[in-house]
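> So the chains spell out like this:
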Amino acid sequence: MQEYEPIIGMEVHAELLTESKMFCGCTAEFGGEPNTRCCPVCLGLPGSLPVINVKAVQYVVKAALALNCSITPNSIFHRKNYFYPDLPKGYQISQYGDTPIGQHGWVQITVNGATKKIAIRRVHLEEDTGKLLHVEGDRSHIDYNRGGVPLMEIVTQNPPPPGLDQIQSAEEAKEYLVRLRAILTYIGVNDGKLEEGSLRCEPNISLRPVGQIEFGVKTELKNLNSFRAVLRGIEYELERQEKVLLKGGKIVHETRRWDDVRGATASMRSKEFEQEYRYFPEPDLTPLRFDAQWVEEQRKALPELPDQRKRRFIEELGIPEYDAEILTDSRPMAEFFEEAVKLSADAKSVSNWMMGDLLRLLNATGTEMEQSKLTPSHLTEMLNLIGKGTISGKIAKTVFEEMFGTGRRASEIVEKLGLTQITDESELIPIINQVLDENPRIVQDVLGGKDKSLAFLVGQTMRYTKGRANPPLVNRLLRERLESRR
Amino acid sequence: MILSREDVSQVAFLARLELTDEEKDKLTGHINNLLQHFAKLQELDTDAVEPTSHVIPVENVFREDKARPSLPPQDVLANAPESQDDCFAVPRIVET
Numbered sequence: 001m002q003e004y005e006p007i008i009g010m011e012v013h014a015e016l017l018t019e020s021k022m023f024c025g026c027t028a029e030f031g032g033e034p035n036t037r038c039c040p041v042c043l044g045l046p047g048s049l050p051v052i053n054v055k056a057v058q059y060v061v062k063a064a065l066a067l068n069c070s071i072t073p074n075s076i077f078h079r080k081n082y083f084y085p086d087l088p089k090g091y092q093i094s095q096y097g098d099t100p101i102g103q104h105g106w107v108q109i110t111v112n113g114a115t116k117k118i119a120i121r122r123v124h125l126e127e128d129t130g131k132l133l134h135v136e137g138d139r140s141h142i143d144y145n146r147g148g149v150p151l152m153e154i155v156t157q158n159p160p161p162p163g164l165d166q167i168q169s170a171e172e173a174k175e176y177l178v179r180l181r182a183i184l185t186y187i188g189v190n191d192g193k194l195e196e197g198s199l200r201c202e203p204n205i206s207l208r209p210v211g212q213i214e215f216g217v218k219t220e221l222k223n224l225n226s227f228r229a230v231l232r233g234i235e236y237e238l239e240r241q242e243k244v245l246l247k248g249g250k251i252v253h254e255t256r257r258w259d260d261v262r263g264a265t266a267s268m269r270s271k272e273f274e275q276e277y278r279y280f281p282e283p284d285l286t287p288l289r290f291d292a293q294w295v296e297e298q299r300k301a302l303p304e305l306p307d308q309r310k311r312r313f314i315e316e317l318g319i320p321e322y323d324a325e326i327l328t329d330s331r332p333m334a335e336f337f338e339e340a341v342k343l344s345a346d347a348k349s350v351s352n353w354m355m356g357d358l359l360r361l362l363n364a365t366g367t368e369m370e371q372s373k374l375t376p377s378h379l380t381e382m383l384n385l386i387g388k389g390t391i392s393g394k395i396a397k398t399v400f401e402e403m404f405g406t407g408r409r410a411s412e413i414v415e416k417l418g419l420t421q422i423t424d425e426s427e428l429i430p431i432i433n434q435v436l437d438e439n440p441r442i443v444q445d446v447l448g449g450k451d452k453s454l455a456f457l458v459g460q461t462m463r464y465t466k467g468r469a470n471p472p473l474v475n476r477l478l479r480e481r482l483e484s485r486r
Numbered sequence: 001m002i003l004s005r006e007d008v009s010q011v012a013f014l015a016r017l018e019l020t021d022e023e024k025d026k027l028t029g030h031i032n033n034l035l036q037h038f039a040k041l042q043e044l045d046t047d048a049v050e051p052t053s054h055v056i057p058v059e060n061v062f063r064e065d066k067a068r069p070s071l072p073p074q075d076v077l078a079n080a081p082e083s084q085d086d087c088f089a090v091p092r093i094v095e096t
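Here the protein sequences line up with chains A and B, keeping their order.
The numbering used here puts the first residue of the first sequence at 1, with every later residue one more than the last.
The numbering used here puts the first residue of the second sequence at 1, with every later residue one more than the last.
With the rest of the complex left out, here is chain B (with noise of 0.2 angstroms):
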């Protein structure tokens, strides 16, 4: 066991995932199985091996700063769940 079921239901957490109690045990074992065979990969002595953060070789992808038209605003808010005022809205954020 790499992960717990404790670790399980934080990673929910953190994907907003809601869990029944058997889902958590049934992946709790899925991503254990998952991690083994990275595991198995960790074994090899990468010490002298530059971490990768890019597969593709290709560098300084850069546009040109320059702006252009911005959608229209009935368009913004085409696939916003709820909006008012010309504004997305969510369920109240209290910030203090």
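Same shape as in the complex, but just chain A (with noise of 0.2 angstroms):
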């Protein structure tokens, strides 16, 4: 049977967070009520002029050089024509060509152990769209509040120059959108949220033969609008390319559009002709000239990024890689595991806690970090508790969730709940011979060699004490009683 490989490559999106848009005055905040937030310039007016922010192409030099790439010393505008109502000049302001202001960079992965540098084209500024509303009756309804708000679009290189590599798995598509996402949310440039499309990822998916070097005709993925359905979607998106081409079919450059909630992509209703966008130079802005001194300074002024952290992590404070790769995907993260361990020292069990159950607790109730009521101090004085034998480890499960859910303190839980840890021998004692009265045949098995036997006693007097026992001193006793009864 013939064997496909994929090649997948990634349009990523990305809002830059500056206070106004991109050529105008007007709040480029996300929301509003419709239309409250367009002047002449966003709207196209006649007789208007955009100016360029100086801030959205200052980010853009921060993202270019945080991602590797070499900043274009004269990079201009360019404009896209079409006519569609998402915006209403005809045409978007946007940069064509060899001139984006970054180009030539990479972002490295890590996937199963496997390292790679995912190769990067361009790194370009323009400007974001307005939101179409699909409303009842004949009619399309159009808020440009979003329209004119800088846009960052950030491009994969395929083939990959000599050194660097290229996209091949869903897994890989997605661990790039994670790591980009890491990279922009440290600089500050973008706030990384999916769900309400401040960053959109946009892949181009084919397969070609494995042994040959063209690729196949591609087909491109729109709604992602999570880590989960980046992964789903280009899952989905292979096999069903594999089915049509092991059938003998052919691939159809499309659109194709992931619903997430039947788990499937569905082709968009192609266009009637292949857009031409007539690009041309922007009249209306200047050019960009950048200073190599002035690039210089501005790479030297990055914020620690998320992979030199990482290597910090594992090398300063002693965390296993996988741990420090997870921990540094986020900067909130990151800063809560660095904080709380200056306040407890002990990284390992900072980092156990983090990866457990925090990742859980906020997965599972859809949390950011950021706005979780646990601080690091919550965590290491809890840990501190722990290492004072006051709670059991056990115990500490639940002290944790409580802090997570209400944001009160370890030791106020443990007060409030009655969690204390019994380590009182003469308070477990009647508690053992209790459960070695109720268990004569496993006492005879344990005494009779079967060790292992012993874990079940233990369990029963966990049980017993709602786990509040300190486990060490119940193996101690369980077996001084044992020997008692031999």
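Treat the hints with care, since some could be wrong.
[Stated by the list, open to error] Simulated pairs of lysine-lysine, PhoX-like, Cα-Cα distance not exceeding 25 angstroms: (1) A:Lys397 to A:Lys466; (2) A:Lys388 to A:Lys348; (3) A:Lys348 to A:Lys416; (4) A:Lys193 to B:Lys66; (5) B:Lys66 to A:Lys131; (6) A:Lys394 to A:Lys348; (7) A:Lys222 to A:Lys193; (8) B:Lys66 to A:Lys89; (9) A:Lys394 to A:Lys452; (10) A:Lys62 to A:Lys416; (11) A:Lys62 to B:Lys66; (12) A:Lys80 to A:Lys116.
[Unchecked claim] Here are some chain B residues the structure puts well away from chain A; computed CB gaps all over 10 angstroms: (13) Glu6; (14) Glu23; (15) Pro91.
[Claimed, not checked] Reference listing, derived: stretches of chain B covered by chain A, where coverage requires no fewer than 3 residues with Cβ under 8 angstroms from a Cβ of chain A: (16) 30–40; (17) 70–81; (18) 84–90.
The hints are simulated quantities; they were obtained by calculation from the structure and are not laboratory data.
Built from N, CA and C at the ideal position, the CB exists for glycine as well.
Build the complex from these two chains, which are given one at a time in their own frames, with help from the hints.
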């Protein structure tokens, strides 16, 4: 049977966290009542002229540098001409051809222990479009609040130049987006919200017979609003294409929309004509010229990036690479970790609690780290209680959940719920005697050399004490009591 | 003939111009006349010349990132051919 291999390209759009729009002074903030954030410039009214938002340019330079790109010394804007009501001007101001702000970069990803440097072709600046609202009846509604918000586009390069790689699986595509998001949120140019659409990804996907150099026909995917959707959408599309090809069919170059509920992609009505955008240099804007020294200053001013932080976590704090990778995926996560380590010094237990219980609770409740009531000192105070033997590791799980849900302190929760660990022998001995009395057969097994059965007796004791007994103490007392029954 | 009548129809389509057959014929002639002048210019050897994107030597004209009040909504929609529920209304666009 013919075998195929995937080639995946990623086009990512990131709205920039500026105060105002790209070419006018309307606020760039998310939301607002429809059409309340518009002016003659972003409405494309005759006689209005755009002026470049300097912050947006700086942000793209920053991002391009963080993505290991070179900065194009002379960068210009272009008009992309098309008639579609998502922009009122009849064109989008974008950057075309060989003059985007940044070019030739890469993002490092690690999937299943294998590290790849994914090649980036270009990073450019453009304006976002308005929102089309589909309503009942024969009309569509348009809200131009988002029209003109600074938008950065980041495109991968396939095939990659020597020394760099391309994305070849859904897992790698997801990881690329995870790391890209981490970088953009670290440097503070984008808020990374896939659900709100401030970070959007449109992968293009194709299969080629193994051994063939030319790429197969690709399809583009839209409407991937979460990391899970990226993963599922690409996986679905790869399977669909493989089925078509194995049956001797042909892939049609088209845009397909991911339906998260149905778990399938469907063709969006293909355009009657291939788009002809008739790009030309935007005459209303001046070219950008970047001074080499200024670019160097920007590079030096970059904050610590996720990969650097990851290495520091591994080398200085001694946590495993896998933990370091997850903890540096988001800046709030990494900062929580670092703060907690400062307070407690035990990096490994902090990491364990974050990787386990914290991530689980964040996911289960759909909470973002930065909205969580839990602070680093909550965690380290609880770790202290474990260290002092006030609570057991098992009880700590209950305490942790309670802290996460209510924002109360560990000591307060322990006191209120009576969760203090039982370390008093005289309190435990009657319970242990009762467990031994109730399980004569197990007692005989253990005494007969079946040491594994001891775990059952420990479990019973923990049950009677609602998990509050100190496990090493229970073990020791059980052995002593058992011996006395020999 | 540099552009065919079909090319002219396509350009008209892209610009959303509805042309009669006579107009297409007439404009095909006009455009080709115009393009002949450019064909003359094309004869020049410009290999050593950087493409010109802007004719005025001005660079890096920026505005500060400061938000300013937008137009009142009624002014935003004042020139809309049609509006509904504070939105611009256009003939239905089918997306899927």
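> Next step is simple, just say for each hint if it's right about the structure.
Here is what the structure says about each hint:
1. At most 25 angstroms may separate the alpha-carbon atoms for a hinted pair to count; Lys397 of chain A and Lys466 of chain A meet this at roughly 13 angstroms.
2. For a cut-off of 25 angstroms, the pair hint linking Lys388 of chain A to Lys348 of chain A stands: about 17 angstroms separates their Cα positions.
3. Of the pairs offered as hints, the one joining Lys348 of chain A and Lys416 of chain A is violated, with about 29 angstroms between alpha carbons and a cut-off of 25 angstroms exceeded.
4. Restraint check for Lys193 of chain A and Lys66 of chain B: the C-alpha separation of about 23 angstroms stays at or below 25 angstroms, so the hint holds.
5. Distance restraint check for Lys66 of chain B and Lys131 of chain A: the Cα-Cα separation of roughly 23 angstroms lies within the 25 angstroms cut-off, and the hinted pair is therefore satisfied.
6. Restraint check: the Cα-Cα separation between Lys394 of chain A and Lys348 of chain A comes to about 17 angstroms, which is no more than 25 angstroms; the hinted pair holds.
7. This hinted pair checks out: Lys222 of chain A and Lys193 of chain A have alpha carbons roughly 16 angstroms apart, not beyond 25 angstroms.
8. Distance hint between Lys66 of chain B and Lys89 of chain A is fulfilled; the C-alpha atoms sit about 23 angstroms from each other, no more than 25 angstroms.
9. Distance check on the hinted pair: Lys394 of chain A and Lys452 of chain A sit about 21 angstroms apart at the alpha-carbon level, within 25 angstroms; holds.
10. With a C-alpha separation of about 50 angstroms, the suggested pairing of Lys62 of chain A with Lys416 of chain A is violated against the 25 angstroms cut-off.
11. Between the alpha carbons of Lys62 of chain A and Lys66 of chain B the distance comes to roughly 20 angstroms, so the proposed pair stays at or under 25 angstroms and holds.
12. About 34 angstroms separates the Cα atoms of Lys80 of chain A and Lys116 of chain A, which puts this hinted pair outside 25 angstroms; it is violated.
13. Every CB of chain A lies more than 10 angstroms from the CB of Glu6 of chain B, the least distance being 13 angstroms, so the non-interface label holds.
14. Separation of Glu23 of chain B from chain A is adequate, the least Cβ-Cβ distance of about 20 angstroms exceeding the 10 angstroms criterion.
15. Distance to chain A contradicts Pro91 of chain B as a non-interface residue, since its nearest Cβ pair spans about 7 angstroms, not more than 10 angstroms.
16. Chain A is given as covering the stretch 30–40 of chain B, and this is violated because 0 residues of the stretch bring a CB closer than 8 angstroms to a CB of that chain, at least three being needed.
17. A stretch counts as covered by a chain when three or more of its residues have a beta carbon under 8 angstroms from one of that chain; for the stretch 70–81 of chain B and chain A the count is 6, and the coverage holds.
18. For the stretch 84–90 of chain B, the stated coverage by chain A holds: 7 residues have a C-beta nearer than 8 angstroms to a C-beta of that chain, and at least 3 were required.
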